[in-house]
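Novice: Here is what each chain is made of, one letter per residue.
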Amino acid sequence: MNLQILSYLFLIFIFISCIGDDFVDDAVEPELRITTLVDTIRQGDSFQFEVMYLNNVGQQENVEVSWNSSNNSVLTIDQNGLANAVKTGNVIVTASYESDNSIIEDQIEVVVGMETVINNITRSGTIQVTSNYILKGNFTLSENNDGLLLEIDESYEASENLPGLYIYLTNNPSTTAGAFEIGAVTVFEGTHSYDIPNSVQLNQYSHVLYFCKPFNVKIGDGEFIN
Amino acid sequence: MKDTFKIQLTLAFLIFSMSLLAGGGWPQPKGKSFIKLSQWWSVGDKHYTDTGELDDNVTLGIFNSSIYAEHGFTDRLTGIIYFPFFSRSYNNNLVSMTNGEILVPGDAINSIGDTDIMLKYGLTKKGSKIAVAGTILFGLPFGNDEGGIFKNLQTGDGEFNQMIQFDAGTGIRLGGKFDMYTNAYVGYNNRTKGFSDEVRFGAEVGIGFNNYKWLFITRLNVLKSTKNGDLPSQINSTSIFANNTEYTSLGFELNYSITDNVGVSAGYATATSGRIIIASPSYSVGIFIKL
Chain G
1 MNLQILSYLF
11 LIFIFISCIG
21 DDFVDDAVEP
31 ELRITTLVDT
41 IRQGDSFQFE
51 VMYLNNVGQQ
61 ENVEVSWNSS
71 NNSVLTIDQN
81 GLANAVKTGN
91 VIVTASYESD
101 NSIIEDQIEV
111 VVGMETVINN
121 ITRSGTIQVT
131 SNYILKGNFT
141 LSENNDGLLL
151 EIDESYEASE
161 NLPGLYIYLT
171 NNPSTTAGAF
181 EIGAVTVFEG
191 THSYDIPNSV
201 QLNQYSHVLY
211 FCKPFNVKIG
221 DGEFIN
Chain H
1 MKDTFKIQLT
11 LAFLIFSMSL
21 LAGGGWPQPK
31 GKSFIKLSQW
41 WSVGDKHYTD
51 TGELDDNVTL
61 GIFNSSIYAE
71 HGFTDRLTGI
81 IYFPFFSRSY
91 NNNLVSMTNG
101 EILVPGDAIN
111 SIGDTDIMLK
121 YGLTKKGSKI
131 AVAGTILFGL
141 PFGNDEGGIF
151 KNLQTGDGEF
161 NQMIQFDAGT
171 GIRLGGKFDM
181 YTNAYVGYNN
191 RTKGFSDEVR
201 FGAEVGIGFN
211 NYKWLFITRL
221 NVLKSTKNGD
231 LPSQINSTSI
241 FANNTEYTSL
251 GFELNYSITD
261 NVGVSAGYAT
271 ATSGRIIIAS
281 PSYSVGIFIK
291 L
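Line by line, the protein sequences give chains G and H. Numbering of the first sequence is given in my numbering, commencing with residue 1 and proceeding in unit increments. Numbering of the second sequence is given in my numbering, commencing with residue 1 and proceeding in unit increments.
One chain only, chain G, in its complex shape (with noise of 0.2 Å):
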């Protein structure tokens, strides 16, 4: 009788103690998007663009994609992206790339011009948190001498009462797969910066994400509105 009960505590303990599976809806729209920061190219140099396509879960994927110039007479670009700056004007760069009858395309618009200029531009967003705990802020990501900065500024609070916080630059808001872990948060008020190495481009990402590791949930995000 003892023994068929163990038994019974046994069998119990087997079946549920297994890890099982927790589904997460990881789906965001494909994207092709140009990650060159040009504003004008000198008339008369060659200058390569570069795009990077992300699939319906925000990871990077190689694709063939087509290029286009607006205007060949100002600027003509070949089918890997390499671009002759011909004579001085304004031209639109299409990259776009054919993905099960549908066309996703990027688009930039660029000048020829005396001297080459590359942008400079401070990305941005706020904040959203998207469970129970505080968190919020803005945020904006800029180059610095080596690398990218991400600062985050005075309005900025996230809760202490919630172990293993940290933050990410991630294409995909639902998931830490292939997202930048940027480290541990350690300041949970005001104003403060992360250093970001320079393998890590400024248009490489989309969202800021913060994440609880112990828990694997995500506690907000924000995205870059530029």
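Treat the hints as calculated values from the structure; they're not laboratory data. There could be a bad hint or two in this list.
What the hints assert, rightly or not - EDC-like mimics (lysine to aspartate or glutamate), calculated; alpha carbons at most 16 Å apart, straight line:
(1) 213(H) to 146(H)
(2) 213(G) to 189(G)
(3) 227(H) to 197(H)
(4) 213(G) to 146(H)
(5) 213(G) to 55(H)
(6) 213(G) to 45(H)
(7) 46(H) to 22(G)
(8) 136(G) to 151(G)
(9) 213(G) to 75(H)
(10) 213(G) to 107(H)
(11) 136(G) to 109(G)
(12) 193(H) to 260(H)
(13) 136(G) to 153(G)
(14) 224(H) to 260(H)
(15) 224(H) to 56(H)
(16) 87(G) to 45(G)
(17) 125(H) to 75(H)
(18) 46(H) to 160(G)
(19) 227(H) to 160(G)
What the hints assert, rightly or not - Some chain H residues close to chain G (C-beta under 8 Å, calculated; not the full set):
(20) 53
(21) 90
(22) 94
(23) 97
(24) 106
(25) 115
(26) 124
(27) 145
(28) 149
(29) 207
(30) 231
Glycine included, each C-beta is placed from N, C-alpha and C at the ideal position.
Given chain G, work out where chain H should sit, using these hints.
Specialist: Using the frame of chain G, we list chain H on its own:
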């Protein structure tokens, strides 16, 4: 008086059979022992936040196979040990709903769990209408407090704690084949390694049938953190091991004595409110032996 003593002796066995860490106001009689083999588990995908709201999390599970034993050194002094000889903690895989790929792999750890050694001393004489006892508990951190790939799985909190607890209980004859007991307790748990101390209190009511051959228990437990330790953000713990955890839980348990010396029990408890703790019910089954 004899009846009162008999009731209280029975209660001493039965309360221990359903509550691993309580025991009530009744120490074991000299030379008597009680042993219980239990399986306790809790699995959940929600937790109480610091403001008491419910938030989702990856499914977490913790399982304890334990031995609880007590022995009466004298009629007033009882030695008690709670030893989770096998403890398992796991979390599920996070899987993409879009393409089925594993986003964050699940993980599991197995070890022995945190172990408690207790001494209970009866402050009232045998047969007193209200039995009062004091217990000192030493919590030994035998469990793993940072297991798994991401060091976020625990079978213990990693700290040595010391708790003092006082219990007061009384038994009542309801008439017919029904009996009843009530017990209340209050305790203070001093914790180390940056964990906040805890105040614990609660009460339970047990209804017995046929000289406690059947026993149904309702239990209320409250845990309050003194919040004098590190913040949870500084301690990488989850499930039932996080810091500054608080809860109010309601539990039910059914005990059945198969023979005079052997019985079985099954229990269920759920938190009605909480702070920074997994918000899932716990279940337990066990078999107990009186020697």
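Novice: Work down the list of hints and note, for each, if the structure agrees.
Specialist: Consistency of the hints with the structure:
Note on residue 213(H) and residue 146(H): the hinted pairing is violated, with a Cα-Cα distance of about 43 Å set against a maximum of 16 Å. Between residue 213(G) and residue 189(G), the direct Cα distance comes to roughly 20 Å. Violation of the 16 Å bound is thereby established for this hinted pair. The suggested pairing of residue 227(H) with residue 197(H) holds, with an alpha-carbon distance near 7 Å, which does not exceed 16 Å. The hinted pair formed by residue 213(G) and residue 146(H) meets the criterion: a straight-line CA distance of about 13 Å does not exceed 16 Å.
Proximity of residue 213(G) to residue 55(H) is assessed by CA-CA distance (about 14 Å); at most 16 Å being required, the pair is judged to hold. About 14 Å separates the Cα atoms of residue 213(G) and residue 45(H), which keeps this hinted pair within 16 Å; it holds. Among the hinted pairs, residue 46(H) with residue 22(G) is consistent with the structure: their alpha-carbon atoms are about 12 Å apart, no more than 16 Å. Proximity of residue 136(G) to residue 151(G) is assessed by CA-CA distance (about 13 Å); at most 16 Å being required, the pair is judged to hold.
The straight-line distance between the Cα atoms of residue 213(G) and residue 75(H) is roughly 50 Å, outside the 16 Å bound, and the hint therefore fails. For the proposed pair residue 213(G) and residue 107(H), the alpha carbon gap of about 13 Å is at most 16 Å, so the pair holds. Under the criterion of a C-alpha separation no larger than 16 Å, the hint pairing residue 136(G) with residue 109(G) is inconsistent with the structure, at around 34 Å. Distance check on the hinted pair: residue 193(H) and residue 260(H) sit about 44 Å apart at the alpha-carbon level, beyond 16 Å; violated.
With a C-alpha separation of about 10 Å, the suggested pairing of residue 136(G) with residue 153(G) holds against the 16 Å cut-off. Distance hint between residue 224(H) and residue 260(H) is unfulfilled; the C-alpha atoms sit about 38 Å from each other, more than 16 Å. Restraint check for residue 224(H) and residue 56(H): not satisfied, since their Cα atoms lie roughly 23 Å apart, outside the 16 Å limit. In summary, the hint linking residue 87(G) to residue 45(G) is supported, as the alpha carbons are separated by about 10 Å, within the 16 Å threshold.
Annotation: proposed proximity of residue 125(H) to residue 75(H) holds, straight-line Cα distance about 9 Å (limit 16 Å). Among the hinted pairs, residue 46(H) with residue 160(G) is inconsistent with the structure: their alpha-carbon atoms are about 19 Å apart, more than 16 Å. Taken as a hint, the residue 227(H) and residue 160(G) pair is honoured in the structure, with Cα atoms around 12 Å apart against an allowance of 16 Å. Taking 8 Å as the C-beta cut-off, the interface hint given for residue 53(H) holds, the closest approach to chain G being about 4 Å.
Of the supplied interface hints, the one on residue 90(H) holds, with its beta-carbon coming within about 5 Å of a beta-carbon of chain G, less than 8 Å. Interface hint status for residue 94(H): upheld, as the beta-carbon distance to the closest one in chain G is roughly 5 Å, under 8 Å. The closest approach between the C-beta of residue 97(H) and any C-beta of chain G is roughly 5 Å, which is under the 8 Å cut-off, so the hint is satisfied. The beta carbon of residue 106(H) is positioned within 8 Å of a beta carbon in chain G (closest approach about 4 Å), and the interface hint is therefore held.
For residue 115(H), the suggested interface contact is broken, since its CB lies about 19 Å from the closest CB of chain G, more than 8 Å. Here the hint on residue 124(H) is broken, as its CB sits about 35 Å from the closest CB of chain G, past 8 Å. For residue 145(H), the suggested interface contact is broken, since its CB lies about 12 Å from the closest CB of chain G, more than 8 Å. Because the closest C-beta pair between residue 149(H) and chain G is about 11 Å apart, greater than 8 Å, the hint is violated.
For the restraint placing residue 207(H) at the interface with chain G, the shortest Cβ-Cβ distance is roughly 24 Å, beyond the 8 Å limit, so the hint is violated. At its closest, the beta carbon of residue 231(H) sits 4 Å from a beta carbon of chain G; the interface hint therefore holds under the 8 Å criterion.
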